[in-house]
Amino acid sequence: MSKIDEKLQPVLDEVLRRNAGEAEFHQAVHEVLESLGRVVAKHPEYAHHALIERICEPERQIIFRVPWVDDSGQVQINRGFRVQFNSALGPYKGGIRFHPSVNLGIIKFLGFEQIFKNALTGMPIGGGKGGSDFNPRGRSDGEIMRFCQAFMTELQRHLGEYTDVPAGDIGVGGREIGYMFGQYKRLTNRYEAGVLTGKGLVYGGSRARTEATGFGLVYFVQQMLATKGATLDGKRVVVSGSGNVAIYAIEKVQQFDGRVLACSDSNGYVLDEGGIDLALLKEIKEVRRERLSDYVRMKGAGAHYIEGGSIWDVACDVALPCATQNELTGKDATTLIRNGVQVVGEGANMPSTPDAVDLFHQNGVMFAPGKAANAGGVATSALEMQQNASRDSWTFDQTEARLAQIMRGIHDNCAATADEYSAPGNYVLGANIAGFVRVAEAMQSLGVI
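Heads up: the sequence shown begins at -4 in this note's numbering, then just goes up one per residue.
Calculated from the structure, these hints are not laboratory results.
Within a straight-line C-alpha distance of at most 30 Å, the following computed DSSO-like cross-link-like pairs (lysine-lysine) qualify:
| # | residue 1 | residue 2 |
| --- | --- | --- |
| 1 | K37 | K(-2) |
| 2 | K230 | K294 |
| 3 | K223 | K326 |
| 4 | K277 | K230 |
What you are looking at is a predicted structure, and each value in this text was computed from that prediction instead of being measured.
Using the sequences and the hints, build the whole thing.
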């Protein structure tokens, strides 16, 4: 990791001391603090009243037991989390993740990133995150419903459309949101549509929400390329993951006439030189809920499945890591650079390790950090809240046009901020500073809270 300003080192030291063992959270805080030295030098007032220290400390951390009954009648126990990190700009807003890797440190890293991501959208939303170490893979619909109901039975007391508004994340899609919303409605006796986003269209969801994170990522990358007089047309693209973000990033790349060569899951990756068959991928992952290895069996000639391999070995012009945190290492970055990568855009949250990011910057690769590039999902969630508040429903085209406008605004804000702080083209620094300044100004206005 890079060295941070000496004025901010005590802040990091205290974060490390008070949050022992939470490596992902430490990494996220360090990445933001190393950008803020220039801000504190230019605006020393931001170092007063422990403002930065307060931003690094969640307003509230909730951990709870989730007991539920599986199909064989056995009681299972999972752990639930909700970290309400910062509400200076609006109600806490951030997804719920169901995955066995979930622990408090991961939820805190995600919530911390969410503060700045949400600020960059320009929407009135604060930052939070939640989840459970429950693994939905291999579970029946009945088991998932019972788990979601048990999870929401406790979480509902901490939520509200003006308090905390969760959405989906890894392991939480439309099915899970529906079960949780149903339980929330049942327990509160209120049809409070704005309390969860990512809902189905028939009960208050927004068109384009499913597509928003992946689409928004590609809009951001297209804006980056435009600064060099280029487009995605004809570019070779590799997308890690095969979940919601990856699928719709692939779709939008193809709409911009890019050629997606490969995508992956936790077991390996598919290489299809003719271009990934999007309809087949959606059939396997969204309808059948099967493993990516079935792609080759169903596609036939021209497709190959490489079990256990690294997708970053595939030569490409554009790399879009859309799977999970720290999936793209320094070794992977070296391979991508050697193979001629021009742009890396993060669709997942913090998927590139610090040494990978450093290598991209040192070698002139345009790099878009997740807190800026994947903000389209939460931006469209805020648009869903807006529609719920006005009892309205927008068309797909209307919502996507607003999404594209927001992503252009985020790109331009990050680029302009990087220029202002003498780091042209550094979208990491631009995103961190632009997000921080908006939150810091709000917190200063509200007093010491």
